[in-house]
Amino acid sequence: AQSVTQPDIHITVSEGASLELRCNYSYGATPYLFWYVQSPGQGLQLLLKYFSGDTLVQGIKGFEAEFKRSQSSFNLRKPSVHWSDAAEYFCAVGVYNTDKLIFGTGTRLQVFP
Amino acid sequence: NAGVMQNPRHLVRRRGQEARLRCSPMKGHSHVYWYRQLPEEGLKFMVYLQKENIIDESGMPKERFSAEFPKEGPSILRIQQVVRGDSAAYFCASSPSPGADTQYFGPGTRLTVL
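Chains as they are written, first to last, in the working numbering: chain W, 1 to 113; chain U, 1 to 114.
These aren't lab readings, by the way, just hints derived from the structure by calculation. Keep in mind that the hints are not guaranteed to be accurate.
[Stated by the list, open to error] Here are some of the chain U residues that sit facing chain W, going by a computed Cβ distance under 8 Å:
#	residue
1	Phe65
2	Phe91
3	Pro98
[What the hints assert, rightly or not] Here are the simulated BS3-like pairs of lysine-lysine, each with C-alpha atoms no more than 25 Å apart in a straight line:
#	chain 1	residue 1	chain 2	residue 2
4	U	Lys27	W	Lys49
5	W	Lys49	U	Lys71
6	U	Lys71	U	Lys51
7	U	Lys27	U	Lys51
8	W	Lys49	W	Lys61
9	U	Lys44	U	Lys62
The beta-carbon is built from N, C-alpha and C at its ideal position, and this holds for glycine as well.
Taking the hints into account, I'd like the entire structure generated from these sequences.
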């Protein structure tokens, strides 16, 4: 069965530091992969997505993610974090030929000044 | 173009009451998806609807839960005889076409069952 694992429940970084949020997936074929961000009391905003092609994907707000098939990973990165990046981040897999997104449990990011 | 709208944003019900959650998709979108987020968990797919049709309800609990997306008006997720375990955030997403690549999410309805 398809699944998504985000091993870090909570991460704290200083403003200006680099960031990497981990995501591992279980899926039989090449998945559609997504990263969403959820600010408190808000809905989910799509940061970036991977369907095929270049394994390094650029998204909004300076985020990028790299698809590594050999590691079944799709980690999210940002070179320099801003205080406004504090939020919850969800990795998701889109199951081909269905309409479902399967989400990880999320990583809560806290940013200190 | 307004985004996906959900109301109410917060809903409090007592055990045994009914909860009705509404979702208005983005303009031009005829595909609606409902997800539930239990405390400390990720979002879980519940149901996928097109206008007047339920396409996939594999994530819906078998009892007390129903969903509709009429020809006119918003999509409705209905929970009858709510229990404390129904307390969660319910998110709606819409897309202009089938597929998981274009889902736009609303702000969610946070249901609290007392």
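Results for each hint:
Using the Cβ-Cβ criterion of 8 Å, the hint placing Phe65/U at the interface with chain W is not satisfied: the shortest such distance is roughly 17 Å. Interface restraint check for Phe91/U: the shortest CB-CB distance to chain W comes to about 7 Å, inside 8 Å, so the restraint holds. A least Cβ separation of about 6 Å between Pro98/U and chain W falls short of the 8 Å threshold, and the interface hint therefore holds. A C-alpha spacing of about 23 Å is found between Lys27/U and Lys49/W, which places the hinted pair at or below 25 Å, so the restraint holds.
Distance restraint check for Lys49/W and Lys71/U: the Cα-Cα separation of roughly 31 Å exceeds the 25 Å cut-off, and the hinted pair is therefore not satisfied. Under the criterion of a C-alpha separation no larger than 25 Å, the hint pairing Lys71/U with Lys51/U is consistent with the structure, at around 6 Å. About 13 Å separates the Cα atoms of Lys27/U and Lys51/U, which keeps this hinted pair within 25 Å; it holds. Between Lys49/W and Lys61/W, the direct Cα distance comes to roughly 14 Å. Compliance with the 25 Å bound is thereby established for this hinted pair.
For the given pair, Lys44/U sits about 15 Å from Lys62/U by alpha-carbon distance, which is consistent with the 25 Å threshold.
In summary, the structure is inconsistent with hints 1, 5 from the numbered list given earlier, while agreeing with the others.
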